[in-house]
Every structure is written in C-alpha cells, then in structure tokens.
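**Q** Residue numbers (this note's numbering), protein chains in the order written: chain A, 927 to 1266; chain B, 927 to 1266; chain C, 927 to 1266; chain D, 927 to 1266.
Treat the hints loosely; a few may be bogus.
Copies of the same chain are indistinguishable here, so a pair counts whether it falls within one copy or spans any two.
Said to hold, decoys possible - Here are the simulated EDC-like pairs of lysine to aspartate or glutamate, each with C-alpha atoms no more than 16 Å apart in a straight line:
| id | residue 1 | residue 2 |
| --- | --- | --- |
| 1 | LYS1069 | GLU1032 |
| 2 | LYS1156 | GLU1078 |
| 3 | LYS1156 | ASP1224 |
| 4 | LYS1257 | ASP933 |
| 5 | LYS1150 | ASP1036 |
| 6 | LYS945 | ASP1166 |
| 7 | LYS1258 | GLU983 |
| 8 | LYS963 | GLU1075 |
| 9 | LYS1070 | ASP1006 |
| 10 | LYS1212 | ASP1224 |
| 11 | LYS1257 | ASP1166 |
| 12 | LYS963 | ASP1065 |
| 13 | LYS929 | GLU1078 |
| 14 | LYS963 | GLU1250 |
| 15 | LYS1150 | ASP1065 |
| 16 | LYS1257 | ASP1036 |
Note that these hints are calculated values from the structure, not bench results.
Protein chains: 4
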Amino acid sequence: MQKRIRDYGYKIGTLPTGKLNKITDVEGVLVGHSTIKTEKYNTGCTVIVPTPENVFEKKLVAASFVHNGYGKTAGTIQIDELGTLETPIALTNTLNVGLVADAIIEYMVDRCKTEGVEVRSMNPVVGECNDSALSTIVDRPVKKENVFEAFETATRDFVEGNVGAGTGTRCYGFKGGIGSASRIVDLGGKAYTVGVLVQSNYGATRDLMINGKTLDEDVIKTVKGEACDKGSIMVIVATDIPLTSRQLKRVIKRASVGIARLGSYIGHGSGEVFIGFSTANVIDAKGEVMTINCINEDIIDKVFRGVGEATEEAILNSMVCASEACQLDGKKIHSLAEFL
Amino acid sequence: MQKRIRDYGYKIGTLPTGKLNKITDVEGVLVGHSTIKTEKYNTGCTVIVPTPENVFEKKLVAASFVHNGYGKTAGTIQIDELGTLETPIALTNTLNVGLVADAIIEYMVDRCKTEGVEVRSMNPVVGECNDSALSTIVDRPVKKENVFEAFETATRDFVEGNVGAGTGTRCYGFKGGIGSASRIVDLGGKAYTVGVLVQSNYGATRDLMINGKTLDEDVIKTVKGEACDKGSIMVIVATDIPLTSRQLKRVIKRASVGIARLGSYIGHGSGEVFIGFSTANVIDAKGEVMTINCINEDIIDKVFRGVGEATEEAILNSMVCASEACQLDGKKIHSLAEFL
Amino acid sequence: MQKRIRDYGYKIGTLPTGKLNKITDVEGVLVGHSTIKTEKYNTGCTVIVPTPENVFEKKLVAASFVHNGYGKTAGTIQIDELGTLETPIALTNTLNVGLVADAIIEYMVDRCKTEGVEVRSMNPVVGECNDSALSTIVDRPVKKENVFEAFETATRDFVEGNVGAGTGTRCYGFKGGIGSASRIVDLGGKAYTVGVLVQSNYGATRDLMINGKTLDEDVIKTVKGEACDKGSIMVIVATDIPLTSRQLKRVIKRASVGIARLGSYIGHGSGEVFIGFSTANVIDAKGEVMTINCINEDIIDKVFRGVGEATEEAILNSMVCASEACQLDGKKIHSLAEFL
Amino acid sequence: MQKRIRDYGYKIGTLPTGKLNKITDVEGVLVGHSTIKTEKYNTGCTVIVPTPENVFEKKLVAASFVHNGYGKTAGTIQIDELGTLETPIALTNTLNVGLVADAIIEYMVDRCKTEGVEVRSMNPVVGECNDSALSTIVDRPVKKENVFEAFETATRDFVEGNVGAGTGTRCYGFKGGIGSASRIVDLGGKAYTVGVLVQSNYGATRDLMINGKTLDEDVIKTVKGEACDKGSIMVIVATDIPLTSRQLKRVIKRASVGIARLGSYIGHGSGEVFIGFSTANVIDAKGEVMTINCINEDIIDKVFRGVGEATEEAILNSMVCASEACQLDGKKIHSLAEFL
C-alpha cells in the first residue's frame, strides 16, 4: 500500500472521496502502467481504459480543453468536433506520442478484429509530458510492447508515483508522476463520481503551496529544486455524470483551479491539456434520432468543485507516492514525502 | 407578392424547399421589420422571433460561429458557453447594436413581467451590417420604438429586400437586404425543415456567380458596382431538427458554402457571423437530469447541404427582392432584378 | 486615502508593485467612475482609458479570453479577429451593456469629429457583472450621462471598492467592487509594468482563502455570506510590454490563477471574461508592411506571474476598499475590512 | 510533364500564378513523395519542406484552422499556442499518422545532431486523409523509410496526382491525390507568392462544378462515382508574405472558399484541416524583444483571394494529374482527365 497525501494528514477540499479515491472509482474505468527504468531511461506509458466495452464501437461522450497548447497531445481535434472518445487514452513522454498512438491503433484493431468490428478510421488519444531531465527522450524508448503491457496490467487499484508515464517527471522540483483522486457529487439525491488522473511535470519549488502553506525555507534549500515554473501537466477526468460534450468541456476546464491552488502560474514552457469522458451516454449510432441525458446546468457547480479538488489532490498524490530519483546529469530529485 | 430568384427561373441546389421557402417554414418562427427611409437614413431593424413561447423561460438550443469576427454582433459569448438562446434575435446597423440590445431587454422584461417570469439577467442577441454608404450611421437612427414595431409586425410571410435591417445594405455592388429560403431534409422518413435568413452586405460585382455564371461584362459596366469584396453578412439559421449545440455549430458553419458559391472570397472588411437555433429541444431547467434529443451524426450531411443551399438562395432573394436605392454620395445602387 | 490589502499586512506574491500599485501604473492609462447610489439602485459605470491618444485612430494590440462565457461582454469578437482595441473599455451592470456601448460610441464619435477622424464603424468594449441583489437591474439605471461622467473624471489615482461598476457587486459574500494592482516585470534589464483592474462579483464565503488561509468559522457565521460560488468577474489587463495579440491572450489567461488562488472554483452562474491591451504597439494602418515588437516568448513566464499576482491582489483590494452595503431584500453585506 | 487543369483550357480565378504554379514557387519550399502501390496498398507519404534551414532552430510563423475536425492531424495544438512551425509537414493516410510523426522526429533529431542543435522536445506536424477504399489501411503500410525517401526526393518541380499521400485518395468520385497551385499577390508594388498544396479526398460526383459547370449527366453515369460528400481534404498554405500567426489563420481559413467553389458542402465524414506557414519571419529566440513584420491588414483581401483561387486550382490539379485506379473491392476509379 502506497502512502498518499491523506495519510500524511492533509485533507484537500470538502467533498467526500470515492472508495479508492482514484479515477477508477468511476465504474468500468481501469488504469495500467508500463515502466522503463534503466540508466539511460526513466519513462513509460500509462493507459486509462474508459470502459470494459469496446469503446470504438460504443463511443463515450468526451471533451478536451487546452489550457496551454505548448504540447503534443494527439486526438483532441476529433474530440472537439464530434464530442466522443473512441479509444483508450494513453500517456507517455513527449517524443513517444507517435509510436504510442500507433500502438493503440494496433491494439484496438486487433480487438476489433476479434469482436467483428470493422475499422477504417480511428482517433487514438495520447497525452505527454517531457521527461528529458531523467530520460534520453530522443531515443523514444517506449515501444508498442510497453503499451500492450499497460493494457494487460490495467486494474482498479493501480500504483501511483514514478510509474508508467510518470516515471521520469518532476513536479515543483520534487519527483512527480502519476497521481489520482476522486470525489462523490450528489445530484438530486443520487451519488455520482468524478475521478481525476494526472501526469505531473511542472512547477517551481518555491511556489508550492499545500492547503495554503508554502514550504519551509530550509526545505527549499535542501531540495535545490526548480526555480522556474516550466513543464506541463496532463489531466484526465472520468465521470459517470450524464453530460453533453459542451458541459463536459466546462467541467474539465476547472482542473486549472487545482493546479493554481498548489501555487503554479501555469508556466509557458510546456503544455497543460485536459481530457474528459463520461460513461453515462454511449453513442453507438443506431437510428436517426437518439436520446442523451445531461444534467440541468444550474447544478453543475458541484461538479466543477469536484474536478478542482480531485485535481489538486491527484497532483499531491503523484508527488508523495513518487520515490526519489536521479537526473541524467546526476542531480538528485527528492520525494516530497521526505519532508511531510 | 415579391418576385424571388426562383421566379426568374433560377433553381438553387437540389433539396426541396419548404412551403414559403423562408425561415418561417420552421414551425413557430416569425420575422418582423421596422424600416427607416429618409434622406439621411436608410436603415432599420429586423427581428427573428424563434418561438411563440417566452424564450427566456423556455430556452432553445443554439450555436454561433464567427467566420470573420470583424463585426459587433452581441450575445455570442453566452450562446457558446451555454448552448442556448434566451431572447429573439435582432439585426440592425453596426452602430445601433447597443440601443437595439437594450430595446430587446426592455421588450422581454415587459413580457416577462406580464407572464410572471422573474428577470435578473438576460443575453440579447443582435447582429449587424454596416450600411454607412446609404445611411448616416453615426446617428444611430434605430430607436427602441423601431424594435418594438418589428416585434409587433412579426409574421410568417414577411417581406424581403431593402426592408428592416436590410434597408441600407449592398451586396455584390447591387442593392442587398434581407432574404430568406428554406429546405426540407428527410431524416429517417420524417421531414424536417432548415430555414435561413440573411442580412446581405458584401461582395465585389465582378465576383458574383449565379449557379456558376458570372455577370456579362456590359452589366458589370452599367452597374458600376463594387470593386472590392468588403462588407459583411449575418446568417440566421432556424431548424426543427433535434440537435445539440455542438451539432448545430457544425451545421451553421456550412452557411459559408452558400456565400462562397456566389463568388465571394469572404473579405476582410467586416464580419460574417452565423447564429442558429433549434426548436426541437426546450431547456427549461427542471429536475437534475434532463433528456435531450439529437440526431445520429452519421446522417448530418443532408443538414449541411440544406444550410448551404438555403444560404445561397437567401442571399439571391435578398438581392432580387431589393429595389434600387441611392447612396448618400448620390451614386445609384441597382437592383439585381433589373438584369435577370 | 483608502486602506488597501497591503495596509492590513498582506503581501501577495513576490514581484514588486508599480508606484500606485494600480492599472494606471501603465503609462497613459486612466480610470474613471460614475456611481449611482439610491434606495433602488447601487450600480454605475467604470471606464478604462487606455491611452491619451485617440485609440480609434491609433489602435492598440489587444486580446480577450472568455474563461466562463455565461456573460454579456460586448466587443470580444472583433478583438479576437483583429487583435486590436479601438475604444476605451467600460464596465457596468449586466443589463446596461447596450446603453453603455451606445454611450461609448457617442463619446468617441464626438471626439473623432473634433479631431477630424471619420467614423463609419466602431467596436465598443463593455464588460459587466450582475448587481441585481443590490440594484433594480431591469431598470438599466446607467445612462449615457454616467458614461460621460466616468470619462470626465478619469484619473491615475482612482478610487476602489464600491464605486462605479463595482457599486453593487459582492465577492465571497462580502462587498465586492472595483480593485486594482500592478507588478513590475524585468525583461532584459528593462522594467515593464503589468496592471490589472477587476470588477469582482463572485465566490462563496467559506471558500475565501487569503494567502492560503480561510476565514475563521465565527467570521463566516457573522457574515452570513454566500453559500454558492455564483457570480462573475471582469479582469482588465494593461501592459507596456510589447506583445502580439496571440501572446497577450496567453498572458491574460493567467488571470484565472489569481481567482483560483483566492479559493474560487470558477462557478457556473455568470461570466469570467478577461480583456487585455498593450500600449507598446500602435496599429495605425499606414503603408503595406508594418513592424511590430514582441517579446521572445521564452521569457513570458514572468509576465504570467505578474498577471496572476496582480489579479489576486486586485480582487482583495476591491473587497477591502469597499464599505458595507445593504441588499434590496434588506440583508447586510459586510466589508471584508471589518474582519482583517 | 504532367498535363494540368490549365492545359485543358480551364483558368481558375483572376490572379497571376507563380512560375511553376505550385507551392514551391514560395522561395525555399520543397515537396517530396514516397509512393506505395501494391495489390493491397495504395498509399504513401508526402512531405512539405518549408525552408532549406533547420526549421527546428529557425522556426517559422505558422497557423492552423480546423474546418471540420473529424480528422487525426497531429501538431495543431502547439501551432495554435505558439504560432510557429518547427518541423516539416508530412501528409499520409489516417492510420499512419503516428508512425510518420515518429519518423519526422527521427529525421529531425538526426539532422539536429549533425548540426549541433540540442533537441528535447519537438512538435511534428502530420496531416492525413483516409484511403481505405484503395488501401488496407489498418496495416499502416507507410514506414519510416518512406518518410525518409520523401525527404530525400524533395524538389521544386514535384509530381502531382496519385503519388505520395495522394496515391489512394478519391475526389468527387474520381481519382484524387496531391495537387498544387500558386498565386502572385501584389502588395505595395512588391510581388509576393501564396502557394497551396492539397491532399484531396472528398466530394460527391454530382456536386462537382468546374468554373461553375457541373458534369454532364452521361459522365456522371459512366463514372459511377460517389453519391455522398464524405471524406476529407488537407490544405497546406505557404507564403513569403510577412504575417503574424493571427493574420495567417485568417488567410488560411479562405481555403474553404476553393473547396465550396468546386461544389462541396464540406461533408461530415472526415476532416478538413488547413495549415499555413510564412517564410518571412524567422523566430529564433535571441534577445528579449524581437521585431516581426506583418502586413497592414487593410490590404489582406488580396491574400484571401490568392488562397481561395490557389486551393480551387490545386484540387483540380490533384484530380487531372491522377490516373485511374482500382479500389480494393474491384471498382474502377476514373481520372477526371478522361472527361475534359
């Protein structure tokens, strides 16, 4: 069992969490990792499987929001146009987006063949952070076998920290990585779940604020962390709340609140991309007219709060679950856990 | 009865038209004008009433698309965010947008008071074209009484040409104005209607192409029309097809096809703004979860064609229904009807 | 002299402030108010004059970013398309946008006539917040005389709090209003200024966090403030840093950091709109090819930080400078200053 | 020498063409192909090399516009955020985007190593059309060797038609492919060039209009072409006109005019993505403040016209230069050249 931010006595926000306090609290969602740790490479791949169904056949309502587009995320154009997700989502390092996108296609084409679903087009969704301080990124070390491994090991109670696509990332000058959290949102007496998974890779050490408190000056000195708010963060939001793509876009925009709450100014030097999906409506293209459910927008504020809180906590989990690591240049990257 | 482009033997596109071949073929839609014609002013106001219901209480799904934002249209920010229309739409001249927006609020606040609907916020939607060649635009001659008159005279079989907001506009160097057309779209054996209304005010004479044919050289010489593709066009799209706001945005984007088909390169010098609404879903904010209908997007192509064709024909109707006029500088603006 | 947040011992962020710590630290910028305080009305108008020059003739580079479009701000379409500002910016209440936009046109047309500048089109920029809890908003009490008064009284060392467009607004359940702050940003050894002015009208009392600390429970109980994060905020950003419109859009996006840092989840129930301009490039349309200056984007992070910090401080200034007020329903709205 | 649309006596538009009437009329631009033609595969890769310089080091001003986002184009997020292009642009089939993006990285990383330029991040730009009617697309037959071949064979006077990324595409029910055209635009007495390259893969046969004329009914019958306006088109625009990214976005939007002029309603069933770059400003990040040139926007209309005309002609060239081909299901796809 990994020790998470709540285990250190920090409670983020006011809404109740889901059972695991992870994105997988949303029914049907699984997360898998493939981790590469060698002298030259600290990188990997993390996949978010949105549903046990074949999502290419039974597409889910989806949305994307690019808060800072200095990034290489694949697949957002079609999500924006059609409002649907038709593959699992993968995260990896910046220069591996192409190979990982190709591997998703291979994985899904195989599955579709088995299940008798014809494929002539497919929109793989792949996000990224830049882990070049800890990994020889130009080699694109993540191969399709890594992506397949991530799919095969996908599970509900997945590991966080420096694992999968988070193996080589840094956050506020500490080791970053994969983190997750969830919130329960009560809408009309029914409990819904909002889950968030992040790949954290941004922030200046001096800016970090946990529940409003910055670090002690001697911690900052010990850490010898990051002076600039560079880097990026990928935020994946899953929910079982019935939402249209437009509503979902509004919802995932609030991930930026969690990032800002921790002290970042959302730096220039790499991308912040948010991608969300709802499992509540399946778009499977039968008949001429379909019915979709969505919420009365007057009660959407609770969902905004859920995403903001869960993002903030997911980032902290990505940090405290990560163990220390060493940059290619020899510099030690501390774990935040060391100082809590 | 006004003679329209079909009465001159021109058939635009292949889809069948609605009964009136106007935007008001969409059940419940009405159009009203207030026209100002004096020595100094050729301007006015046209209102599109989307439903006999109180649209502030029973909002309609809506979308906007800004093809060229060199314009002053009011209300699109909220349409984009919430995907709904909550007032009628008005068209007027560029510098009158403020006063006309204010008049819509006054009109709707009064109606709401009568009907016991509380108003604390309201998003008036007002489009515009620049009629300063025929009208002393800096005087903002359209007053709230004009807007009220447009509402009071709203009807199904409304007049086209140099009337209302089209009184002072020019199109391809001829007299432009208000024009309309509609198409019947068969989706799954059921006939739906797509209606378009334009306020036309753009285009170079030499560029004009009707069903692929440019004007004869001697017509161009006689007309002494417009050398540059300046100006703007407002396109209002109404439909009874069940669409989400996202789908509707895709649909109204195709209005640009009708504009391009007539020869324009969509000039810099003023705005092209498209606004659409669907009467098929009423968003009236009761309960926590709502059901909305929308079409299977695989059959949306017919709707695209409908909008493109209706826009093309609406522009031609705006021109042939307009009678000749005189600019403030004394130059005569011919009617296209003269040369067909 | 008004007591501002720094006078209570709170220092926001790390960058140095400008001389006045107001938006008017940007050379040439002035701010004026017109305030309406009666039994029925608490509202008004605030104008931001971007330059002593005729901005219609000498347009400034500008950008807008709509963080939450549930609002009625006028003028952003053209700012987005052309990247320029051609009128002063006014702020007012939600239902007065039309009348205030019209008044700006009248004001500018008069000025242009005096200065021999022809006007045939103009894009007035007007933002708004909803002050209907303290003001009978449906009456649209702000008249053109108020706008003219705001222009006439425009000055560098303007008043903050419940004045002008901030007369009737609330923020985190306290009295909100107009607030401002500025930051000095060193780029290549040269000191530039980023100034922010806000019209604050959002937030739940329990969410408010000042430098990371929420309010004491007994303050929350005394205040009987706001339970929901409704409402809106307008953020106007001025700078003398040479930026393209695209760069400026990136810069003003970071205003959201300041809002989130104070505890908001950026609620649904009204708009958050950010508008920025730079005084460093004048676009006056002479010749075919122009030269514009802009910064090397690799150093833009400092500007991001400046906007985030100044927004956070401007909001706090808007609150502590505001005196208590009374809602139309009799409820007392406290000043935050009372509790610091 | 390939016979192009002008060789059949069709003149598109009014502006003069460049010397080759191809995108490579823009100084420094080269185009290369790699073509795969086997029983199972008709596909390939086309690269547009924007400059002889290392574009990663000396980035060019760029813009993208997604007219219909039902597509998988990679790289537009960063182009939109930073307004720059840092790799050559490649075109390929839909499912090969990942592998081709990876190959561009490999190619550029190698070049950068040779030239002593450090690479830690890179944004490859890859567009696509779906050629699954003529090619077993799920196999992703384009390998990195094909991309390298395309780079090695890049030249000014490149081949058009069913070659490279156009090997397996169809257009208006005829064989489509790669096509190009250019226009000379006079701005202030200086001749600038606008070049367009398309990968054409859309349109219903009955809709095709060449200079306003649809095909004869017996041609439509013989061709047994396409009944629906499905498919997609990639449009790459190059120019030596000094433009900001915002201006360039406005310019490339007008590519849709060329598409509409040929009869399309811009169908749902795949993406229309436009990408443009200007060779007139090099962004090489030295110093704090840079100077960039751009045009006075009042004269941008000519550029709009240039892009519209060149796109229209490029599509026709893509068709008449393509020879007939055979679908995987045995159906013959005619060349338009056969019927002119």
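**Q** With reference to the structure, classify each hint as holding or not holding.
**A** We went through each hint and held it up to the structure:
1. LYS1069 - GLU1032: both (12 Å within a copy, 14 Å between copies)
2. LYS1156 - GLU1078: Cα proximity of LYS1156 and GLU1078: none, with 33 Å in one copy and 36 Å across.
3. LYS1156 - ASP1224: So LYS1156 and ASP1224 pass the 16 Å test across copies only (10 Å; inside, 36 Å).
4. LYS1257 - ASP933: Neither, since 28 Å and 42 Å both go past 16 Å.
5. LYS1150 - ASP1036: neither (47 Å within a copy, 34 Å between copies)
6. LYS945 - ASP1166: Answer is within; shortest intra-copy Cα gap is 15 Å, inter-copy 44 Å.
7. LYS1258 - GLU983: Classified as neither: same-chain Cα gap 46 Å, cross-chain 30 Å, threshold 16 Å.
8. LYS963 - GLU1075: Within. Shortest intra-copy distance 15 Å satisfies the 16 Å Cα cut-off; inter-copy 34 Å does not.
9. LYS1070 - ASP1006: neither (27 Å within a copy, 29 Å between copies)
10. LYS1212 - ASP1224: Between copies only: 9 Å across, 31 Å inside.
11. LYS1257 - ASP1166: Classified as neither; 43 Å inside a copy, 39 Å across copies.
12. LYS963 - ASP1065: Only inside one copy: LYS963 and ASP1065 sit 14 Å apart there, 31 Å across copies, limit 16 Å.
13. LYS929 - GLU1078: neither (25 Å within a copy, 54 Å between copies)
14. LYS963 - GLU1250: So LYS963 and GLU1250 pass the 16 Å test inside one copy only (13 Å; across, 52 Å).
15. LYS1150 - ASP1065: Classified as neither: same-chain Cα gap 28 Å, cross-chain 49 Å, threshold 16 Å.
16. LYS1257 - ASP1036: neither (43 Å within a copy, 27 Å between copies)
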